[in-house]
Amino acid sequence: MPHDSSQPVAVITGASGFLGGRLAIKLRRHNWQVVGIDSEALPGVLTADIRNIHTLRHTMVPHFDIVIHLASLLSARCESDPTSAFDVNVGGTATLLNAVADKAPPALLMASSIAVFDQEHATDDTPVRPQSVYGTSKAMSELLIADATRRGSVRGHIARLPTVAVRPGPPSGAASAFASTMVKNALDGVDIVVPVPPGRRIVLTSVETAVENLRLLADAIVKEEQAVPKVINMPGVGVDVDAMAEECLAAAPVPIKVRREVAGDVDAIVGSWPSRWESPAAIRLGLQQDPSFASIVAGYKSCDLP
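In terms of UniProt numbering, the sequence shown opens at residue 1 and continues consecutively.
Incorrect hints may appear among the rest.
[Claimed, not checked] Dumping the calculated DSSO-like pairs for lysine-lysine here, alpha-carbon to alpha-carbon at most 27 angstroms:
1. 230 with 257
2. 223 with 26
3. 26 with 257
4. 103 with 26
5. 230 with 26
6. 257 with 184
7. 103 with 184
8. 103 with 257
9. 103 with 230
10. 223 with 103
Treat the hints as calculated values from the structure; they're not laboratory data.
Make the full structure from the sequences, and use the hints.
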């Protein structure tokens, strides 16, 4: 890819994934050049396994301004297959750091997760203490990037994302996928199932807000016009799941019912995450926060996500 110095260049791992594909579109609309890398071959995406140093180095372009590392196995899949979780999430991050180590030193932004915490209330400075395989793999990846930053081989940044909803298509491999499924079923006039006990709260961000915030954060890191913290909680809104169900009922085009069928495996993971979430550094940087779950539902209804 020829390099136009007037356009910043982003390399996105996991570019065939849900967030990666949408972030690539968003960046291109804002005058970025984007190089997508994924193990899944799709048009416009370079094929490489981030665990394979040789294919990754062969795929990496000579010049880029930032690597946005989104490639990851999701929470429910990680819990059922810890070996693959650590192989992809931790091993892939380590290999990626090695692949870019000969650059001068590149900016790297990794999407981490609310799952690195287990406290009810989390801020940017809350110590990590994950209670799931997924959260542990993300915390370990954060440490790898922090150490590479300390050694000067990258300029690393961590963006901890809350649950992203509403994801289109079939349920993802995330334990929190039920949040998206509740909304989609309600809008399709299908009864909804609540798989967590009464009183459970989760922290959400809409798809559009998550993607736009990643773009804004990448912009700030590359332009270096203001100090960007090394670790940042991305904005999210805390919602009671029963209140979510009520909102889904109101949004349904026909009368539907709500059933509670507590899934112990889902609740064990989701219940270990913070229910109160603060993102002061993100807000200072001008990142956006969805005002409510109702706005997330309304945004999904009005957008063109398939």
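Taking the hints in turn, this is what the structure says about them:
no. : hint         : in the structure
1   : 230 with 257 : violated (45 angstroms)
2   : 223 with 26  : holds (17 angstroms)
3   : 26 with 257  : violated (37 angstroms)
4   : 103 with 26  : holds (26 angstroms)
5   : 230 with 26  : holds (23 angstroms)
6   : 257 with 184 : holds (14 angstroms)
7   : 103 with 184 : violated (44 angstroms)
8   : 103 with 257 : violated (56 angstroms)
9   : 103 with 230 : holds (19 angstroms)
10  : 223 with 103 : holds (18 angstroms)
Checked against the numbered hints listed earlier, the structure breaks hints 1, 3, 7 and 8; every other hint is satisfied.
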